[in-house]
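Q: I would like the entire structure built from these sequences, with the hints used as guidance.
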Amino acid sequence: MQFDRVYGFVRFRISDEAAAEDITSEVFARAWSKLRDPDDRNAAAAWLFTTARRLVIDHHRRHPSTSLGSVAEAHHPAGPTPENASLAHERLTVLRRCLDALSERERDVIGLRFIAGLRNREIAALVGTTEGNVAKILHRTLRKLRDRLAADGYTATDDLGGVSE
Amino acid sequence: MSETNSLDVAIDRILRGEPVSDATNRDELQVARVLASAVSALQPASAARERVRHAVRERVAARPRVWSRLALLTMSAPRLRVAVLAAVLLVGMLVGSAYALPVLLPQIFSMFDPSAVELLQSGRARELNISDSAAGVTITVNRAYADVHRIVVQFTVENPPSDPGQPWDNGQQAKSPLTTGGSVTLTDDAGRKYGHLRAAESPLSSGAAWSGEPLVGVYNFDATRIPANAERVSFHLTIAELHGVPDAAGVITRLPGPWIFTFTLPVSR
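Chains A and B, in that order, are what the protein sequence lines are.
If you number the first sequence the way my numbering does, the last residue is 165 and the count never jumps.
If you number the second sequence the way my numbering does, the last residue is 434 and the count never jumps.
A hint or two may mislead.
[To be verified] Quick look at which bits of chain B chain A covers, simulated, 3 or more residues with Cβ under 8 Å:
{"hint": "1", "region": "170-184"}
{"hint": "2", "region": "195-204"}
{"hint": "3", "region": "208-217"}
[Claimed, not checked] Derived CB-CB ranges, DEER-like:
{"hint": "4", "chain 1": "A", "residue 1": "Arg121", "chain 2": "B", "residue 2": "Ala355", "range": "55 to 65 Å"}
{"hint": "5", "chain 1": "B", "residue 1": "Ile295", "chain 2": "A", "residue 2": "Arg97", "range": "49 to 59 Å"}
{"hint": "6", "chain 1": "A", "residue 1": "Ala151", "chain 2": "B", "residue 2": "Pro421", "range": "54 to 64 Å"}
{"hint": "7", "chain 1": "B", "residue 1": "Asp192", "chain 2": "A", "residue 2": "Asp100", "range": "16 to 26 Å"}
{"hint": "8", "chain 1": "A", "residue 1": "Gly153", "chain 2": "B", "residue 2": "Glu323", "range": "56 to 66 Å"}
{"hint": "9", "chain 1": "A", "residue 1": "Arg121", "chain 2": "B", "residue 2": "Gly288", "range": "44 to 54 Å"}
{"hint": "10", "chain 1": "B", "residue 1": "Glu323", "chain 2": "A", "residue 2": "Asp152", "range": "49 to 59 Å"}
{"hint": "11", "chain 1": "B", "residue 1": "Ser367", "chain 2": "A", "residue 2": "Arg62", "range": "18 to 28 Å"}
{"hint": "12", "chain 1": "B", "residue 1": "Ala300", "chain 2": "A", "residue 2": "Thr130", "range": "38 to 48 Å"}
{"hint": "13", "chain 1": "B", "residue 1": "Pro423", "chain 2": "A", "residue 2": "Asp152", "range": "34 to 44 Å"}
{"hint": "14", "chain 1": "A", "residue 1": "Ala151", "chain 2": "B", "residue 2": "Leu180", "range": "24 to 34 Å"}
To be clear, the hints were calculated from the coordinates, so they are not data collected in a lab.
Ideal Cβ placement from N, Cα and C applies to all residues, glycine included.
A: Structure follows, in structure tokens:
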């Protein structure tokens, strides 16, 4: 569902829940009047995420002192069990601290790939680069996040996901 | 398979919840698992979903109906070609006409309310050119027209605040689109309020990068509240605020007005 993907992406980029709701509602209000053919899923997704990215950037410009990790997290009753929800929430909190080390573009690419679930070619069209370059950015960013997590004291097999091979 | 392709395939499998074995990208995939496992924390709770739905409904209801089921950016290529061709033909007809008109409006208006553009360009609209300034920004109401069906007003933000833009992809500077945010209202001396029929501003705040040209608005109000026998009406147009204005630090803010204009128009019948 596009709503969940857009909301998730905005929420990933902005830890303030109220602001994320505000931006998501603005995205869909604009979509209501701007999208000529909302049934064209590809065009609609591209438009929605382009608008969401622009509004997120505007938000960060209006609130430059609000770092990604500095806002208290709101609890969501997410996940099939309270334990899973709590774990997912804890991982998100740790991740947000690490996101400060990334550039805007790297955060966008990570959010669009993992949270919005877009393919590399779709992300490439959104951020104005090639599919190959998106793959490189992903690779580089995951490595950077890994280094940052390690610097924060998290190891490969701890509660941040573990190794399932 | 290259290292990045292999990683992409593995990420797909992780997002689908399938097991992955990739020794080459082991470290990256551990982080990928962390990211994938955090997704559930980003799903909207039912209360949040309802709040957003409500907010969307309110925002849509509060906005004037814009010509804006236009979205050039989202048009399919054939539609876009037809739209561009139509705009070129329209301009060609105007330029080639023996009655070439001095009033030029962004082509985008012609595409979405040609009758309003025709009115404003036909000489039937009253040239007003009255300005008001607030917070260092001057807005001019260029011309307006009234009949028993509608009142059409065109205005221009003469000196939009400079916006250096913000770094964006490929070294581009993206500027924030300037808009009135639908804060334009029309009343008359008797206190009657005229609702929006249509409205459009150019450039549109479509989320696309904006090149910085002045904001032009064409607003179309419902004239059914004009008294049946009125020959002239004294109107008050108010623009309450501008959105998307950068302050000295480059932070995007709202600029409170108001900009208020009073003018009298004959009512065409």
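Q: Now, for every hint given, state plainly whether the structure supports it.
A: Tested hints:
{"no.": "1", "hint": "170-184", "in the structure": "holds (count 6)"}
{"no.": "2", "hint": "195-204", "in the structure": "holds (count 10)"}
{"no.": "3", "hint": "208-217", "in the structure": "holds (count 7)"}
{"no.": "4", "hint": "Arg121(A) - Ala355(B): 55 to 65 Å", "in the structure": "holds, 60 Å"}
{"no.": "5", "hint": "Ile295(B) - Arg97(A): 49 to 59 Å", "in the structure": "holds, 55 Å"}
{"no.": "6", "hint": "Ala151(A) - Pro421(B): 54 to 64 Å", "in the structure": "violated, 45 Å"}
{"no.": "7", "hint": "Asp192(B) - Asp100(A): 16 to 26 Å", "in the structure": "holds, 20 Å"}
{"no.": "8", "hint": "Gly153(A) - Glu323(B): 56 to 66 Å", "in the structure": "holds, 57 Å"}
{"no.": "9", "hint": "Arg121(A) - Gly288(B): 44 to 54 Å", "in the structure": "holds, 52 Å"}
{"no.": "10", "hint": "Glu323(B) - Asp152(A): 49 to 59 Å", "in the structure": "holds, 52 Å"}
{"no.": "11", "hint": "Ser367(B) - Arg62(A): 18 to 28 Å", "in the structure": "holds, 24 Å"}
{"no.": "12", "hint": "Ala300(B) - Thr130(A): 38 to 48 Å", "in the structure": "holds, 44 Å"}
{"no.": "13", "hint": "Pro423(B) - Asp152(A): 34 to 44 Å", "in the structure": "violated, 50 Å"}
{"no.": "14", "hint": "Ala151(A) - Leu180(B): 24 to 34 Å", "in the structure": "holds, 26 Å"}
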